[in-house]
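With the hints as your guide, set chain E onto chain D.
For reference, the chains in residue letters:
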Amino acid sequence: MKKITVFSIMLIALFTVLAMPVIAGGQQEAQKEVVLNWPCIWVGEDAKADAVADIVAKFNEEHAGQIKVQIEEMPDYDIYDKKILAQISGGQVPDIFTLKWNPDTKDFYSGDILVDFSEDLAGGWGNRFDSSIINEVTLDGQTKVIPYEMAITPIWYNADLFAEAGIDGFPKTYDEFWDAAEKLKAIDVTPTSQMTGGANAWTSMLWYSHIMASVGGPGIWDKPLSDPAYVKGAEILKRLYSNGNTTKDAIGGGPSVPSGHYLAERTAVFCNGPWFIGNIRENAPEVYESTELTSAPAAAGGEKGAQIGFIQTVLASGATDDPAKREAALTFLQYMSQPENVKRISMDSGALMVPKFTFSDSDDVDPLQKKFVEAQENASFVMNHLAAKFPASVVQEFGAALDQLALGRATPEEFVQMLEAAND
Amino acid sequence: MLVKNKNWKWIIIFMIPITAMYTAFFIYPFGFVFFSSLNSWNGISSMEFVGFENYSKLLQASTLQISARNNIIWSLSLGFLQIGLATIIAFILARRPRFWKTLRTVYFVPKVISGVAIAMLWKAVYNAEYGALNAVLTLITGQEWSHNWLGAFNTALPAIIAQEVMYIGYFMIIILAGVMSIPTSYYEAAEIDGASVWQQETLITLPVVWGIIVTAMTLAMAYGLRHFEATFLMTGGGPGHSTSTLALMMYDKIGARKLGEASTIGTILVVVGFFVIVTLNKTLGSKSLTGEDQ
Numbered sequence: 250m251k252k253i254t255v256f257s258i259m260l261i262a263l264f265t266v267l268a269m270p271v272i273a274g275g276q277q278e279a280q281k282e283v284v285l286n287w288p289c290i291w292v293g294e295d296a297k298a299d300a301v302a303d304i305v306a307k308f309n310e311e312h313a314g315q316i317k318v319q320i321e322e323m324p325d326y327d328i329y330d331k332k333i334l335a336q337i338s339g340g341q342v343p344d345i346f347t348l349k350w351n352p353d354t355k356d357f358y359s360g361d362i363l364v365d366f367s368e369d370l371a372g373g374w375g376n377r378f379d380s381s382i383i384n385e386v387t388l389d390g391q392t393k394v395i396p397y398e399m400a401i402t403p404i405w406y407n408a409d410l411f412a413e414a415g416i417d418g419f420p421k422t423y424d425e426f427w428d429a430a431e432k433l434k435a436i437d438v439t440p441t442s443q444m445t446g447g448a449n450a451w452t453s454m455l456w457y458s459h460i461m462a463s464v465g466g467p468g469i470w471d472k473p474l475s476d477p478a479y480v481k482g483a484e485i486l487k488r489l490y491s492n493g494n495t496t497k498d499a500i501g502g503g504p505s506v507p508s509g510h511y512l513a514e515r516t517a518v519f520c521n522g523p524w525f526i527g528n529i530r531e532n533a534p535e536v537y538e539s540t541e542l543t544s545a546p547a548a549a550g551g552e553k554g555a556q557i558g559f560i561q562t563v564l565a566s567g568a569t570d571d572p573a574k575r576e577a578a579l580t581f582l583q584y585m586s587q588p589e590n591v592k593r594i595s596m597d598s599g600a601l602m603v604p605k606f607t608f609s610d611s612d613d614v615d616p617l618q619k620k621f622v623e624a625q626e627n628a629s630f631v632m633n634h635l636a637a638k639f640p641a642s643v644v645q646e647f648g649a650a651l652d653q654l655a656l657g658r659a660t661p662e663e664f665v666q667m668l669e670a671a672n673d
Numbered sequence: 087m088l089v090k091n092k093n094w095k096w097i098i099i100f101m102i103p104i105t106a107m108y109t110a111f112f113i114y115p116f117g118f119v120f121f122s123s124l125n126s127w128n129g130i131s132s133m134e135f136v137g138f139e140n141y142s143k144l145l146q147a148s149t150l151q152i153s154a155r156n157n158i159i160w161s162l163s164l165g166f167l168q169i170g171l172a173t174i175i176a177f178i179l180a181r182r183p184r185f186w187k188t189l190r191t192v193y194f195v196p197k198v199i200s201g202v203a204i205a206m207l208w209k210a211v212y213n214a215e216y217g218a219l220n221a222v223l224t225l226i227t228g229q230e231w232s233h234n235w236l237g238a239f240n241t242a243l244p245a246i247i248a249q250e251v252m253y254i255g256y257f258m259i260i261i262l263a264g265v266m267s268i269p270t271s272y273y274e275a276a277e278i279d280g281a282s283v284w285q286q287e288t289l290i291t292l293p294v295v296w297g298i299i300v301t302a303m304t305l306a307m308a309y310g311l312r313h314f315e316a317t318f319l320m321t322g323g324g325p326g327h328s329t330s331t332l333a334l335m336m337y338d339k340i341g342a343r344k345l346g347e348a349s350t351i352g353t354i355l356v357v358v359g360f361f362v363i364v365t366l367n368k369t370l371g372s373k374s375l376t377g378e379d380q
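Order-wise, the sequence lines are chains D and E. Quick note on the working numbering: the first sequence kicks off at 250 and runs consecutively. Quick note on the working numbering: the second sequence kicks off at 87 and runs consecutively.
I should point out that these hints are in silico values taken from the structure, not numbers from a laboratory. Built from N, CA and C at the ideal position, the CB exists for glycine as well. Each hint should be verified, as a subset may be incorrect.
[What the hints assert, rightly or not] The list that follows gives simulated cross-link-like pairs (lysine to aspartate or glutamate, EDC-like), each with its CA atoms no further than 16 Å apart:
#1 D:Lys487 / D:Glu662
#2 D:Lys619 / D:Asp597
#3 E:Lys143 / D:Asp673
#4 D:Lys605 / D:Glu589
#5 D:Lys497 / E:Glu230
#6 D:Lys497 / E:Glu215
#7 D:Lys574 / D:Glu589
#8 D:Lys434 / D:Glu413
[Unchecked claim] Covered stretches of chain D, as calculated for chain E (at least 3 residues, CB under 8 Å):
#9 330 to 336
#10 638 to 648
Just chain D, same shape as in the assembly:
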């Protein structure tokens, strides 16, 4: 018994001695290196994934022993938002994270949740951004998010399928559009890609925003939902779901439904942002070659040539009492907004970015990306989409109300009433 006790004590002593340098080294390392946790959506199959991974790896290499950014992969956009909110509610604000810029984002400005970068931006960093965009995200003198990705979401159409159906160019009005739809159906092509599922019925929500831009003009979102223009827009949206103008699985369909049909040439018209360029270029090269961008048709007596554009994603950092951590987060966000890094992400994915950068003549800029820039420049005006202007409760209700509109359970008036009821 005595031998066993002595042996056990010696064993513990040996382990303690051997472990001491490791523990001590670890403590020294922990004191020196600041670790930033980044729950990141730009991972997996996302078009920005490779570029972001490379930039983070390069940053970690350049700041080895001082700052380390750890990416926590979260590829689902809808779940990402809820996870971030849950973390913040529990007092665990991530060191680095992204947010969509919408009315609810302003809630994050209250209290001591996010780092305020207004002084850092004023110190020269702000020159990398368009001042009007910085002003938009500055509330009461505080800039708690860094605008990073912007977008316009024009109408995409497959010019080859249009030519095959005998349609000369994209229709300028909805009357012409319904005629073109019949011609497409005659060659067994469903005219448009739509969806009512997902967190916000994204594709159809963008279509409705395009319709509202034409029906109500650039100031439509400032008008209450009781404005008759919303019902007029809903009538057009309903028709997009009628008479075989979209696929049957659009009802309840998530984001893969509209994009999948467009990539497979089962539909001829689609709506999305430039981040989809990488996907179409890789997965459907023929469709990529024949894709043209345009503005939506004009409603009778409505505005022509509008585009839907918005700040898509902002970067933020959780407030901290640790000056070293704040400094590390600032260093990383400044690194992310360096022109060469922004350009790398943009060229890889086709995304339009907020931080300024320039393409050189030698840059192999994606032709479709150039068309996005042209579409923005040629727009009669650019306005936000519905999800960026209304609270999340309205955006959530949009898909459910659209289900009822499309399936004939609700009239356009009732569709708008459902949105109004959710807007409490």
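Chain E alone, transformed into the frame defined by chain D:
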């Protein structure tokens, strides 16, 4: 009674860990959920006390009524259809037909596959444009089928429930274990007395394993009350909230940053669940099939 037990000190000592865990992992979270249900809270700013305003608002909302109705349908479907099927299959397999061991494994295998994978598979089966179900129906009937099973009001809920009900493996195994433990001498005696297979199953097997079946029903119905996964993945509660459940509605409220309302639904869910389980056990669990107290 407790003070008369000479081991009462040890009883208390051994009760401490489980009591502490129950308090930490149920009583405290439920208390917090109930407290936050009395507040307006977006999860970011401070809570604002509103009393029972969230309850009165939500109880009038049609979405909550639809969700509660769907939860009841889910509970009844799983409690009676799924357990009924599991019981029948368990009784058949207990008779050891040919390949019964293989069949037992076949029935159980889906239970070890991720529910997410199964939901995505069925979503593809039900798809209106390329789904296997429409293709099979087209083949059988000779007419073109392109029904959107998950996108139509009359078929969405039955379609999700059907794919869940048929996965009986988990409960089948539990009931089968109970049936297999019945001594064969009971059946031998019954056979000598001239009892048919039907009489053996209804007068011997069923009464003996009734307690296990009620337990399985309780578990299945509890799952029905908190159902979320398949509906979230297959329809997201659509079309038009018609397949929504209380758990899904709670999730949506979190997404809309109405955490006070989400907590209200959570509280309602716990209270409803408590009453359903107690009622089930009172009506089915307290008596055996022969009418004796258990």
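- Checked against the structure, which of the hints given earlier come out wrong? Of the numbered hints, just 7 does not hold.
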